[in-house]
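Taking the hints as your guide, dock the two standalone chains into a single complex.
Chains as they are written, first to last, in the numbering used here: chain H, 1 to 500; chain B, 1 to 235.
Just to be clear, a hint being listed does not mean it is correct.
What the hints assert, rightly or not - Chain H stretches covered by chain B per the calculated footprint, using a threshold of three residues with CB under 8 Å from any CB of chain B:
| # | region |
| --- | --- |
| 1 | 396 to 404 |
| 2 | 412 to 419 |
What the hints assert, rightly or not - Cβ-Cβ distance ranges computed for the label pairs, FRET-style:
| # | chain 1 | residue 1 | chain 2 | residue 2 | range |
| --- | --- | --- | --- | --- | --- |
| 3 | B | Gly101 | H | Ile8 | 21 to 29 Å |
| 4 | H | Arg4 | B | Ala211 | 36 to 44 Å |
| 5 | B | Val179 | H | Ile151 | 56 to 64 Å |
These aren't lab readings, by the way, just hints derived from the structure by calculation. The beta-carbon is built from N, C-alpha and C at its ideal position, and this holds for glycine as well.
Chain by chain, the residues run as shown.
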Amino acid sequence: MAQRALAIIAGSALALLTLGPIAVVLLRAEGFGSFRPGDLDAVRFTVWQAFLSALVSCLFAVPVARALARRRFPGRAVLVALLGAPFILPVIVAVMGLLAVFGGAGLVNTVLGALGLARFDIYGLHGVVLAHVFFNLPLATRMLLQGWLAIPSERFRLAASLNLTPRATFLVLEWPLIRRVLPSAFAVIFVICLTSFAVALTLGGGPRATTVELAIYQAMRFDFDLGRAALLAMVQLGMALVAGMVAWRVSLGSGFGAGLDRQTPHWGARGLWFDAFWIGLVAVFLLLPLGMVILRGLPGLWLLGSDTLRAAGHSLLLAVASTTLCLIWALPLATRRGELLALSSIALSPLVLGTGLFLILRPFVNPFSMALPVTGLVNALMALPFALRILRPEAEAIRSDFGRLAQTIGLTPWAWTRLVFLPRLRRPLGFAAGLTAALAMGDLGVIALFADPDRATLPLQVYRLMGSYQMEAAAGASLLLLCLSLGLFWILDRGGRVGA
Amino acid sequence: MLEVKGMRLALDGFALEGDFALQPGETIAVIGPSGAGKSTLLDVIAGFRKPDAGQVLWQGQGLSDVPPQARPVSMLFQDQNLFPHLTLARNLGLALRPDGGRVTPDEAARVEAALKTMGLEGLGNRKPGALSGGQQARGALARVLLQARPIILLDEPFAALGPALRQEMLDAVTEVAQVSGALVLMVSHDPSDARRFARRVVYVDGGRVHAPVETKVLFDDPPPALRAYLGQEPG
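Isolated chain B, as found in the complex (with noise of 0.2 Å):
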């Protein structure tokens, strides 16, 4: 159980609180408008920012000493998941190597098998660049797949492609989930994402990180803030 406890800390003009707990294997959307602190929440968790007060627990176990490499956390940013001077094959290869070592010929098996069920059978010789949106999007699902933590931490990573990628690409993070069975918070900014790929739903807003809920149930009767939010008129 991922549990975030009594966390409190400030962000320019307004302080972000938060008190929730997830299960193992769950898949979570956190919405919100921006600057609410979706973000800065995903990096708490993962140990890029340090609480001001509160912490976070895995298993009971707290993480606050943890460094960020450390922690049962992988996590896709915004852009930036990929080396771009390395082929995909090795930047897949450093998520099981990270001393930079030679993969064993084992490794080397996983890594295509990681490629192929993110459909980029072949590709493993390609370097960023020469990959499509889609592709480099996928690579980095790859990564994350090969790197087998028990929590997986996605910020917006598909922003930049367009609609119909990325519910292709919600999809292939429910295949993740799915694989992987790991617990699964995905930053968006957009309702049908959530409706899509989770199971349970973290509002963020007016400075509070709200309670998980589930999506159905949020979206067919959602409050007062979050029918704002989402343009709906009270009725």
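Next up, chain H with everything else stripped away, as it sits in the complex (with noise of 0.2 Å):
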């Protein structure tokens, strides 16, 4: 049938620009290129910032999850809906944000210098750290708080009639909810940590704090030692694969999270201030790097120069292209086994994706010259998982209420995917088509390996303007990144529910 070529034709061109580059990568570096005594330190260094990213947004996210679990105030459908928001934020942008707080010139030190005590220095590996947190510990909040709603309120009444103690609650109701969700939070946030580049790029740097991905990239820019860079991609590679495969064995598949908005009533919860506190922290952990983006970026928005505005362009461009070539993609594959292939892309990095292309390109064009399309490529490429994620429920949901009915009336495949598979995955795929472009829009990956000075993207501007301390420009092109990201995820998502 034509819908099964079409799935195996996408199937197949997602295998090819998977492991195409990875191949090119994995031959390229058997052939030359060696190890520096860095290069050592830069996967220790990985290892250990990814696994201290991981353990202190799970720590952290136990009392947070728990707090919102069981309490109700004004705003928390609003925090709840905030801790979403890192997911579709540009990393550049929280970076500027946690540089405002954060940062030499920001709040903390600020205080801190006022208070006459040591200044707290960002660059390095707590700062990495920190950023990593920013990112993950809404994610494993959110992943947690799904499973605490997902007890019974039953067993809470239960554990209330029978006069529990409060330790003895936890001990049968939370523990063995923590110590199954946990795990599973924890591995994946090590393994986003691992493969995590813009980061390590903005606040890490030096011989101590270099994680592979940042190696690959400056024996790409800087010493364009393609050997090197391979067998870096090759480390990378391993490392990823076996997080992965860690990661998938105890993964629980955490979803988007639908009913997070529920709260279970508990009898006789004690400890108001604790988890008032920790309400308070997370909220001003996010809330407060975000409001110093918009509080900085206001006055910078008038020094967007002409270098800035184009690369809004291209961002928008690509942003555009990248979404369309993932729902066409994802279209086709919306099944259980597409799902499936495309996860094995989660654990790519797009830098040994980059390298992979960069050397598949380089005898042919400059490579240089398709920084843009590469770009685009890989950023459909890698929000793939995530839109599979979205739309397969429901397109096999269509297919098996309506499918038998189509098939008696003698619909042709055309008619099926215009008149009803389309209109009736409408919201799901506005979702989809509103992470992808939001991802899109703030990535900072591919491009900082491919681009030159005229196909800048925005996130690449805001950095280069950090890079040659324009600070207030940066904090303009900031704001602006920030306001289109969400604006072009709500518009696609409001997109998908307008009348339908």
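Structural data, given as structure tokens:
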């Protein structure tokens, strides 16, 4: 059937685009290039920062999720929604916000300085971990919160009627849940942090805070040592695959958290101040950097140069192209098997893929001239697993609800797609498009590898402005980026809902 | 003639066998306990399930390699008989133009006529959600009427309706059968449905599709298994 053929084409393209670059990297890495003394440090640092980031995120997530699960307060829904925001927040924007709070001239250091205390230096290991916790504490909290709210409230009622002590309630009801959810949250965050590039690029660096991804970038950009870049890419691939497989084994399928607005009544739950402390802490930790981005960005908006505006244009174009490609790719793959296939690309780092594509393109064209198309392609590929996770359940429901009806009427495949499948898939399609567009808009990965000054994207432009100490212009550009990312998400997600 | 020859297929825990023939234009009730394989039998005839052995023939032609959409069959399911996001008229138009193209004025007139036959005049612009349960069922019947295939399969499409509405629908089905001259097979739990609607009854139980029997003959002197199913004392 035509649909089957399309699925096979989409699946093959996926396999080719992931395995092809890897094969090229492997071939190239064997040819020449060798490790340098610093490379082992990079491996050690990569694993260590990912471990710390996952650990801190998970430890803090427990009291926060517990507090959110059992307290009702004004703004709770907003806070829970905010926990989903880091997913579509451009990394560079978050970094700007964190710098405004924890950076050299930031709020924290101003306070510390006024008190005559030692200053806090954000660059290095703790900065990298801080940024990773900013992104992943919400993720871990959401995963735990979902588990918490899945405990039937009858159990808590039973615990209350048995007059269990808080300690006993915790041991009987909550501890088993934590033990079930937390390992998978840890594993997922560990994998994410292992392949994180933009954070290490902006807050790490130097011999003591270089990740493997960053080392690949440096080998490509500064030394133009393709053999060594390929070798490092192989190391990165190996680490990510091992960690990815472990994560896959312990993962539970986290989903995007429907129904997180429920809250379980807890009879006689004590520790109001304890809960309030954690909720307040996480709210400040998430809101303060974002608030600073807006506050510092507003005056900077008047400093937006033509370079920045052009970069914004590139980014918008890129986001639209990536989204279109990703959705066209995802539709035929929206089956269980397709989702599994796409999942393999989660463990692949964009930099490894980028290196491979660079090596493939080099004999034919100047890779730098292909910066935007390659970035668009990699972005679509990276968003594919998320898009499929959103689309697959609904796509399968449509097929099982209406497949037989379509067959008994004898609908042609095109009529089925146009009149039934797409219209009924509109809502998840809008949501998936919004996520993909926001991810593509904010991505700072492959583009850093390929770009020349004429082909910058907005995140790269922010990074360049930061690098040349034009902090106000960088703040303005970040605010623009933030608005564009959230705006694209909002418009597309909304488009799927209106009249549906 | 619709022939089911040497059919055999494995269901969970038992095998369903059948060997029978039905005449064009007949009205047939398929009755039997739930889980006996009534719906499965319809799925085999419609082509949604392949039997492990045997075949289905229509007018002497084997249907084994014919996909559901190309079989001389239209089917009403237990639910989801209309696309909920399309208007009733658009739903019915698809029966005439399965490629989703615009219907011609002539075809539009046929849609209107089918709506009228089913007592749905003027409701073509409504979406199924804005129709009552009975209207939805009649809309689905209008779709089957427009498809004008020689075999109509009804897999308990009226199970969710109340008793009065269900009787009304049975009469509507009888009318569709008369208008279209199609062979109609309807699955039902309820013997009174069979009495009201069917000339002959196919009884499915104990892993066997029994050969069709005249409705009156069957219910006046039911075999022991059917007697037990109906809850009648042997007498």
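(request) State the violated hints by number, sorted upward, taking the hints as numbered earlier in the document. (result) When the structure is compared with the hints, none of them turns out to be violated.
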